[in-house]
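One letter stands for each residue in the lines below.
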Amino acid sequence: MDDFEKELKEDFLDESLQLLEDTEQSFLALENDKESTEILDQIFRLAHNLKGTSRAVGFGNVAEFTHEMENLILKLKTGDLAVTDSMVSLLLECNDHITNMIHGLKDDMDAEFDSTEIVANILNALGGNAVAASVEAVEDPVIEEVEVPSEELVANADNWESDDTEDLDGILDEAISEKAEDESSSEPEISAAALEALRELGNCDESVMAELEGGISFSEPMEAFKAEEVEQEEPEISAAALEALRELGNCDETVMAELEKNSSEKNGLKFNNAIDDTPSITPIEKTTTTPETITPLAAKKSAPVKKVTEDESIRVSLSRVEKLNNVVGELVILQTVLDQGRFAASQDQLMNKSISQLGKLSKEIQEISMSLRMVPVKSTLQKMNRIVRDTSKTLNKKVNLKLNGEETEIDKTVLEHLADPLVHIVRNAVDHGLESTEERIAAGKSEAGNVGISAYHEGNNLVIEITDDGKGIPANVIRNKAIEKGLIRENQQISDEDIIQYIFHPGFSTKEQVTEVSGRGVGMDVVKTNIEKLSGEVKVKTELGKGSVFKVVLPLTMAIIDGMVIRVGDNKFIIPLSQVHESLKPTKEMVSKVTGWGECLNLRGQILPLFSVGGTLSVAMDEGNSLDKIAIIIQAAEHPFAVLVDDILHQQQVVIKNLGNEIKSSKGFMGSSILGDGKPSFILDLNELYSGKMKKSSSIKEDLIGKVA
Amino acid sequence: MNEEKLNQSLSIVGEENSELQRFLEFSLGEEEYAIPLLSVREVISVPETTPIPKAPSHFLGIMNLRGQVISVVDMRTKLKIKAKENNSEESVIIVDLDGMNLGIVVDSINKVLAFTLKDINEVPEIETQVNAEYIYGVYRKEDSLTVLLNVAKVLDIKDVSALAKKAA
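Protein chains in written order, with our numbering: chain A, 11 to 719; chain B, 15 to 182.
The set of hints was computed from the structure by calculation and includes no laboratory data. There are no misleading hints in this set.
Result set (DSBU-like, lysine-lysine): computed pairs, CA atoms no more than 35 angstroms apart in a straight line:
#1 K677(A) / K94(B)
#2 K582(A) / K98(B)
#3 K689(A) / K68(B)
#4 K92(B) / K582(A)
#5 K403(A) / K495(A)
#6 K68(B) / K582(A)
#7 K167(B) / K689(A)
#8 K603(A) / K68(B)
#9 K689(A) / K94(B)
#10 K92(B) / K333(A)
#11 K543(A) / K92(B)
#12 K689(A) / K96(B)
#13 K98(B) / K689(A)
#14 K68(B) / K598(A)
#15 K333(A) / K125(B)
#16 K543(A) / K412(A)
#17 K495(A) / K561(A)
#18 K167(B) / K543(A)
#19 K167(B) / K677(A)
#20 K94(B) / K582(A)
#21 K68(B) / K677(A)
#22 K125(B) / K689(A)
#23 K689(A) / K92(B)
#24 K68(B) / K595(A)
#25 K582(A) / K96(B)
#26 K333(A) / K393(A)
#27 K677(A) / K92(B)
#28 K373(A) / K363(A)
#29 K582(A) / K333(A)
#30 K333(A) / K68(B)
Partial list, computed: chain B residues near chain A (C-beta under 7 angstroms):
#31 E62
#32 T64
#33 I66
#34 P67
#35 K68
#36 I76
#37 N78
#38 G81
#39 V83
#40 S85
Just so you know, even glycine gets a beta-carbon here, dropped at the ideal spot from N, CA and C.
Required output: the full structure, derived from the provided sequences and hints.
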């Protein structure tokens with residue numbers, strides 16, 4: 011395989027995945043709007059495109075399978091088969107199958123796939139109409155042979171003068187729409203118009219045109235769209251068409267050779283198939299290559315458009331963007347160093363002005379380079395369509411899913427890690443959240459449950475809200491479960507809101523029955539940990555009988571955070587601002603010491619354990635007791651707590667640098683960053699640093715509450 | 015240590031026995047050590063470092079190497095060698111251990127040695143020898159002995175887990 015071919019294949023694999031996502035969306039849309047010819051047209055186009063391209067780059071398995079799928083879609087399009095839920099399921103299965111094949115090919119380009127089972131399903135769905143099936147099969151060579159070179163033409167679009175191409179498109183469009191208006195009639199002039207268009211391209215040799223014209227008489231072009239009227243065609247014609255294309259001069263000889271080979275193989279194969287289904291080949295009603303030539307050329311309409319988008323966006327490897335971000339990060343640090351030193355070092359007006367100008371520029375560069383990693387959440391949100399569909403089908407519930415804010419952008423890495431937790435929450439919303447249809451009707455709600463997913467920006471965060479209008483989470487059930495698990499004491503006073511948070515506790519499931527959908531041991535705790543790994547958080551709000559809202563708050567990017575620079579003795583540390591709830595100078599009344607337990611802070615009636623950062627990290631702090639220091643309140647998920655530091659220096663945006671393996675395993679360090687003085691500093695993860703002590707502290711708290719009460 | 019094993023552990027320096035291998039020789043106290051030149055990224059003067067809380071004493075801290083944060087280790091503390099006094103030649107060697115960068119403080123950088131693997135003498139196994147596993151072998155020329163050091167081993171997983179345990 012030469013490089014060019016390999017590149018072509020790789021491009022195809024990447025693009026087809028996108029295409030498959032589109033088809034999946036279309037299938038799902040079709041399910042909701044079964045009558046829409048528009049969606050069917052679109053699906054047909056996508057499938058057709060996929061088939062043609064896969065054949066062109068030489069992935070026979072994919073092409074063969076997509077061909078079968080296309081047959082099915084064609085039947086739907088012509089109305090021979092009705093669009094039903096099970097039909098959509100089958101189409102989705104097909105889609106999954108192709109996706110699997112593409113993934114397989116990504117790993118190994120020579121991989122072979124077995125599609126027999128699913129093809130059997132398709133044939134089954136086609137109604138076991140053997141004659142129809144065979145006709146479909148026989149029709150195959152037409153499309154295969156003729157359309158592929160046309161795809162080739164599309165690929166070679168550069169060779170054509172673009173103006174001509176556009177003209178041609180216009181004319182073709184016209185020709186085709188004319189045809190569409192008058193589908194039933196079979197006026198040869200129409201295809202003649204198309205031919206005319208081809209001729210106008212100027213690249214066609216007259217003899218070719220004559221040959222093609224000869225083909226017109228065979229039939230009326232739109233017949234090709236009507237499956238029942240498409241009958242077998244003569245192999246000679248396709249040979250002639252190939253010949254014609256060759257004479258067009260734009261086709262690569264090797265491609266042509268391959269096509270010729272394919273076409274003969276194809277014919278052999280197809281006839282075998284046909285014989286399996288029908289003892290004799292059905293009578294020949296002549297069709298022509300012309301309509302086939304037109305179809306792809308019309309499809310070419312999209313090609314110039316595509317060209318434009320290619321110019322507007324390029325695919326860049328993530329590693330390059332990361333590298334750029336690293337360098338820009340350095341630039342920003344250096345700029346800060348310069349900025350901090352500028353007044354001390356120089357009274358030179360020009361110099362100072364330049365430095366501040368540089369500051370603005372580097373900030374801008376930083377913003378641009380960060381934005382390179384930002385992608386819309388659309389693709390991930392759309393995946394939820396499928397999740398909701400499959401889940402609701404399994405559970406036999408009716409669900410309307412509403413997506414909002416799909417264009418909201420977020421860092422690609424964050425997005426990648428977001429998909430799994432999101433799937434889980436959405437699945438839970440359908441499974442646990444929504445009631446069964448009967449229950450809904452009894453409760454006077456709409457028959458179909460409503461699940462909404464919206465994404466929006468809130469400050470420096472991205473928020474994704476998953477709402478359902480189900481029954482809500484019953485706090486008393488959670489409470490009982492928590493007592494049963496020994497997480498809380500029976501008579502413990504905890505607000506319902508706090509109780510709800512226990513659903514995030516490891517191994518916590520209120521579902522008595524393990525269903526196909528949930529209860530498989532992957533609980534909300536995993537969702538929570540995954541989201542916390544992204545420095546995000548999940549909040550739940552629920553109202554009995556009205557529904558629940560899961561709010562996932564994520565930082566827009568992982569690479570830069572807002573940090574608070576604190577001083578502990580001679581050391582500077584950075585605390586992510588997101589962890590800081592408030593800071594205060596403790597007064598004598600606030601701090602109480604319990605022998606054996608340590609110090610506690612009474613914050614407006616709430617008793618918080620009070621830790622000293624210096625003590626925990628074995629770093630010497632300034633002299634003096636707790637009253638001389640500053641307490642920072644950390645609103646941890648389980649229990650809030652307070653830490654003592656010597657001073658808060660300032661707040662700034664910090665670029666997170668990863669720690670080497672040799673210290674990565676140290677607990678409590680999120681990473682490091684380089685401060686304005688050029689020296690590196692550790693970013694503390696106080697939640698993690700004190701998570702070990704929190705178990706103890708929770709009992710401290712309870713006991714203290716007991717004492718206070 | 016047989017030759018095969020030696021080759022394995024020295025895979026970083028190359029395949030062929032007869033090929034000249036280059037090592038960077040440096041001093042730790044009064045002793046001479048060397049590491050494969052291919053694992054050396056650069057040599058810098060001792061930078062300002064930020065101490066790592068709760069890390070073992072040989073972890074000097076983290077430094078800023080043109081925007082990259084890397085750890086600096088004092089090899090002398092680790093190997094329990096007494097550092098030279100009033101030393102102006104103290105340097106940091108930035109080594110690349112399988113993509114992981116690390117700074118190593120040494121007393122002085124001496125020279126680049128070139129010899130074939132055949133010239134490496136095995137270390138006689140002495141039961142009380144603590145450091146044996148850090149050492150590929152010894153290169154001897156005339157009267158001087160140079161110990162070929164396996165940096166990855168010196169700071170191996172044991173340290174990482176020790177650190178993790180300590181911080182926990």
